[in-house]
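Protein chains in written order, with my numbering: chain A, 49 to 301; chain B, 722 to 1036; chain C, 65 to 330; chain D, 1371 to 1639.
Accuracy of the hints is not assured; some may be wrong.
The calculated lysine-lysine pairs, modelled on DSSO-like cross-linking and capped at a C-alpha distance of 30 angstroms, are [unchecked claim]:
| no. | chain 1 | residue 1 | chain 2 | residue 2 |
| --- | --- | --- | --- | --- |
| 1 | B | K728 | C | K198 |
| 2 | C | K328 | B | K723 |
| 3 | C | K223 | D | K1379 |
| 4 | D | K1521 | B | K949 |
| 5 | B | K727 | D | K1624 |
| 6 | A | K188 | C | K328 |
| 7 | D | K1509 | B | K949 |
| 8 | A | K186 | C | K198 |
| 9 | D | K1624 | B | K930 |
| 10 | C | K328 | A | K269 |
| 11 | B | K723 | D | K1479 |
| 12 | C | K223 | A | K91 |
| 13 | D | K1521 | B | K727 |
| 14 | B | K802 | C | K231 |
| 15 | C | K231 | A | K118 |
| 16 | A | K186 | C | K67 |
| 17 | D | K1522 | B | K723 |
| 18 | D | K1435 | D | K1592 |
| 19 | B | K930 | D | K1522 |
| 20 | C | K69 | A | K146 |
| 21 | C | K198 | A | K146 |
| 22 | A | K146 | C | K223 |
| 23 | D | K1592 | A | K269 |
| 24 | B | K723 | D | K1521 |
| 25 | D | K1509 | A | K269 |
| 26 | B | K728 | D | K1478 |
| 27 | A | K92 | C | K231 |
| 28 | B | K728 | D | K1521 |
| 29 | B | K930 | D | K1478 |
These are calculated hints, taken from the structure and not from any lab test.
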Amino acid sequence: MENILEVDGLNVYYTNKGNILGKITSRRADRQHVLKDVSFSMKKGEILGLVGESGCGKTTLAKAILGMQKQFDGRIRLRCRNPQMVFQDPYASLNPSKRIGWILEEPLRVKKGSERLSREARSRRVDEMLARVGLDAKIKEHYPGELSGGQRQRVAIAAALLCDTEFLIADEPVSALDVTIQAQIIRLLLKLHAQMGISILFISHDLRVVYQMCDRVMIMKDGVLLEQGEVDGVYRNPQTDYTRLLLEAANIE
Amino acid sequence: MKYAAKKLVTMLITLLSISFLVYFAFDIIPGDAALAALGTDSTPERLEALREQLGLNRPFLERYFEWLANFVRGDFGVSYKYKMPVADMISSKLPITVMMALISFAMMVVVSLPLGVYTAMNSGRRIDRLIMVVNQIMMSVPHFFMGIVLTYIFGLVLKLFTPGGFVSYETDFWRFISYLIFPCIAIALPKIAMSVKLLRGSCIEEAAKDYVRTAYSKGNDTRGVLYKHVLRNAMIPVITLWGMTLADMLVGSIVIEQVFNIPGIGRILLTSISYRDYPVVEAVIVLIAAVVIVTNFCVDIIYQIADPRISVGGR
Amino acid sequence: MKKWKAYPVNFRIGAVITGIMLLLIVIGFFYTPYNPTAMDNSAKLAAPGLRHIMGCDNFGRDIFSRVLKGMGNTFLIALATVVIGVVCGTVVGAFTGYYGGWLDEVLMRVNDVVFAFPSILLALVFVSIFGTGKYNVVLALGIAFIPSFARIVRGEFIKYRDMDYVKSARLAGVSNLRIIFVHILPNTLTVMLSSVMIGFNNAVLAEAGMSYLGIGVQPPDASLGSMLSEAQTYLFSAPNYAVFPGLMIILMVLGFSLLADGIKER
Amino acid sequence: MEDLLLEIKDLNIEFHDHDAPERVVSGLSMRLNRGEILGIVGESGSGKSMTAMAIAGLLRRHDMKISGEIYFEGTEILHAGRSELRRLQGDDIGIIFQEPMTSLNPVKKIGWQVEESLRIHRPQLSREQRYALAIECLKSVELDEPEVIYKKYPHELSGGMRQRVMTASAMICDPRLLIADEPTTALDVTIQLQIVKLLQKLNREKNTSILFISHDLSLVRKLCGRILVMHDGRVVEEGDSHEIFTHPRQAYTKELIGAIPRMEKLQQF
């Protein structure tokens, strides 16, 4: 199976933007080295875990892969035209002033040329996707404000999949939810992965959730990939102290 | 400190661009400056001679830099109408307008601070609602109409001051100040209403924040929490408002000068506009803009002291 | 409309006052008890009474008719000013806020320059160059109001552009223009609505100020500001001449500011 | 009996700001001994934070109906007057909150905020004594270079450091009870571990009894001797933490424990 994503020697520097004055005067030393020589690859249809705490650079990595972070050294090859992303905060991931039906039809509405769909085709696809993510079609009339955190994440996942993507980045999709809801969303992601064969880069700080979701896992700290490998291998004999600390924190004996 | 330097640079750039814009605006005026000075019946030769003498035929940039150099040295050129240096016309008048703006500003600070805090402390009670109603009305009154009302009530009816009895500060400083009281009240009242409303809202908003709950959890009483925690944070948006109102007060005093017929900078500005006496108009406008920008600069510095979160990045 | 009682009290009072004002303005366009410019020597400085409910000015013109016309002028000028300010301000604010970068820097510097001029001062410059009259006043105030709207809209767009749902829209292939006008703009409407109201009030006060200074609406056209400047000379003998135009300005501004507060609270 | 520090009898809290009164805590009773660490666990909206606020005397009274009694070292504090409560707050009862980002005053220096309880409850101390106590307290919460941190502002510190500063400012008067209302929720996993270890150290060294409130069961299990499980404002189950985990009695407790992601693959459907 060939790779869907290859990242090779990726380095990203952040300059304190400020205004033009700030850019000119900021010497090389001022620049923050956010990602240091990150290299890894992902097979098609794989779920790869990325574990790291806030400020470790995982969001920058996601942005680079999605093409939202233009300046970087190194090479990123992604075999997917329209990668999608699901975010952590269910309250910010849906447009508060639009109905769920409108939000879900938007990715279909912007399709050009051959893929253009009629109104009925669009609404049929939306209903079908809603069923797939376990939501009742009636929810289309509601606004995001009226939904629970779990329902919102399901809508966000549905919106991402409606773009017919094969590559999804899930950035801490369950950490903002109650424990009982988390398990449901994880099961949903696994089911969708099995049915639609999409590859998922699963970002989380919780090793237990990563264990349930992923085949392989990468540990990242301060922009450096400390370890990567099969989940059981890494959990059984961690190579670095930081991984051991993470394991202890998640009280995995 | 780096923050102050950066702000200073942007301030100078803005000042320079304003002087350029104003000079440029007055240079492309449809009317010909020489014509305005000599009137329509003068002969073309004399017009050309005047243009030559005033150097109007030289390239624009050269004239601008020369004008700017003179301006900085305090020589604002010669008035078309009165043929006397603009500097002399303005030098005695500008202090009057600036003084009026400063007194009004002081009134605003002295009155709105305690009143804003008082209404925040009693928010919801009847006294608070009453003050808020008065506030709402005060904000809707144009300051020149306020001036007219004050003139009528305190001048004509109660005769506390004689309308039009302005005394220049050269002759009698204290009567000069006492005459300015009512005009300054007229300028300040709408601004007082605005800052009371903002301070009250800001105090109530800050009082709902987490760090106030922490303050109470340490055993502070309501008064202690207000003065030691809430007020310091609530003042930050108010300082920004005050910075902006200073500029409005300057312009406000120009209008109020007509109501209380005070011979300040406003009077000259208006007459020179109607006579199209451009050197005077240019000088007055650039001066006022300069005063406004310098005050904005000071507000930015005070703002940075009040809110330590403002780093070099600026707002 | 929700039940009337559900709206906050200041919104309701504001709506009533504004309603009356708008009614008077509309009436003023079509009908005035007397011809606002007709002079009647017998009624010079007549006190308010049955024939002239607001009395007459020093030329014997009916104050009530002139007030109606004046309110109409002031309202139209303020409306036009706000329209210019909002439309241009929104476009400038949206693009600088959304794209940032050098465009943002340049426009913000221009904004600071225009912002340094209080609106009346800028209008003074404008009028001294292009002459007085309604249209120049509208243009002058309109331009002077662009920076404040631009700043507010820019602040909102900076806040929304990094929101997750905007990122998702971008990933789904939605064009930047569509994101700006369809995805972000609707969410900024409530913030913009209250600043439009405040902007309208400032425009009314600025127009009245300029007409008072004689550089706004030119006679014989009626404006509340110019009426006030004429009324000042007869303050002792005919205070009504000054009171009524002043009162109308206050009520217009009061009505709108109460509406603005009501909207903010809802 | 004398080692009973805190006792709550039949506590009820009802909100009256919406149209229908909403009962947030109903019939809650519990006891906390000196030096003990008690965990209160429940999902959002279970009333656990409300209970903590009631004990700390931070409930706004006007739009609430509160009944029941809370005894702190024998004196009733639930219905006590403001001035009486103020004597305890910050001196005998310390509290740390969930959001380190917003729970510190942004425009005041760290040192000033840590010393605040001293200024209120120990007026007789001089400036130097207060400074020394503050530095010593910052050290006790394992903050290195306390002198530097003393002069800094909250926005210059990380979330973890701010939570330590919060703990220092709550512990400075050596309170007998420290309430920790979800102190780790907003922090990274590794830092959560450090905060929990810190609380354990403070409990050992100063015999401060701790009321630890959280929705994270595995964290509570690591720190607390006894656990109270709350659901919809009610105490569903109470007992020794090991006992609760090994064989929970109530259905809700079972569901909570079951929901903790465990180390085995979830079946796909």
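The hints, checked one at a time:
1. K728/B x K198/C: The hint is violated at about 38 angstroms.
2. K328/C x K723/B: violated, 38 angstroms
3. K223/C x K1379/D: violated, 48 angstroms
4. K1521/D x K949/B: Satisfied, since the Cα-Cα distance of roughly 18 angstroms is no more than 30 angstroms.
5. K727/B x K1624/D: violated, 61 angstroms
6. K188/A x K328/C: holds, 29 angstroms
7. K1509/D x K949/B: Between K1509/D and K949/B the Cα gap is close to 26 angstroms, so the pair holds against 30 angstroms.
8. K186/A x K198/C: violated, 55 angstroms
9. K1624/D x K930/B: violated, 37 angstroms
10. K328/C x K269/A: The given pair, whose Cα atoms are some 44 angstroms apart, is violated under the 30 angstroms limit.
11. K723/B x K1479/D: holds, 21 angstroms
12. K223/C x K91/A: violated, 37 angstroms
13. K1521/D x K727/B: holds, 25 angstroms
14. K802/B x K231/C: violated, 62 angstroms
15. K231/C x K118/A: Holds, because 15 angstroms separates the two Cα atoms, which is no more than 30 angstroms.
16. K186/A x K67/C: At roughly 27 angstroms apart (the allowed maximum being 30 angstroms), K67/C and K186/A satisfy the hint.
17. K1522/D x K723/B: Measuring from Cα to Cα gives roughly 18 angstroms; hence the hint holds.
18. K1435/D x K1592/D: violated, 35 angstroms
19. K930/B x K1522/D: This hinted pair holds, its Cα atoms lying about 21 angstroms apart.
20. K69/C x K146/A: Since the Cα atoms of K69/C and K146/A sit roughly 27 angstroms apart, the hinted pair holds (cutoff 30 angstroms).
21. K198/C x K146/A: violated, 41 angstroms
22. K146/A x K223/C: holds, 18 angstroms
23. K1592/D x K269/A: holds, 25 angstroms
24. K723/B x K1521/D: With Cα atoms ~20 angstroms apart, K723/B and K1521/D stay inside 30 angstroms; holds.
25. K1509/D x K269/A: holds, 27 angstroms
26. K728/B x K1478/D: Holds. K728/B to K1478/D sits at ~24 angstroms (cutoff 30 angstroms).
27. K92/A x K231/C: holds, 24 angstroms
28. K728/B x K1521/D: holds, 25 angstroms
29. K930/B x K1478/D: This hinted pair holds, its Cα atoms lying about 15 angstroms apart.
Going down the numbered hints, you'll see the structure goes against 1, 2, 3, 5, 8, 9, 10, 12, 14, 18 and 21, while the others check out.
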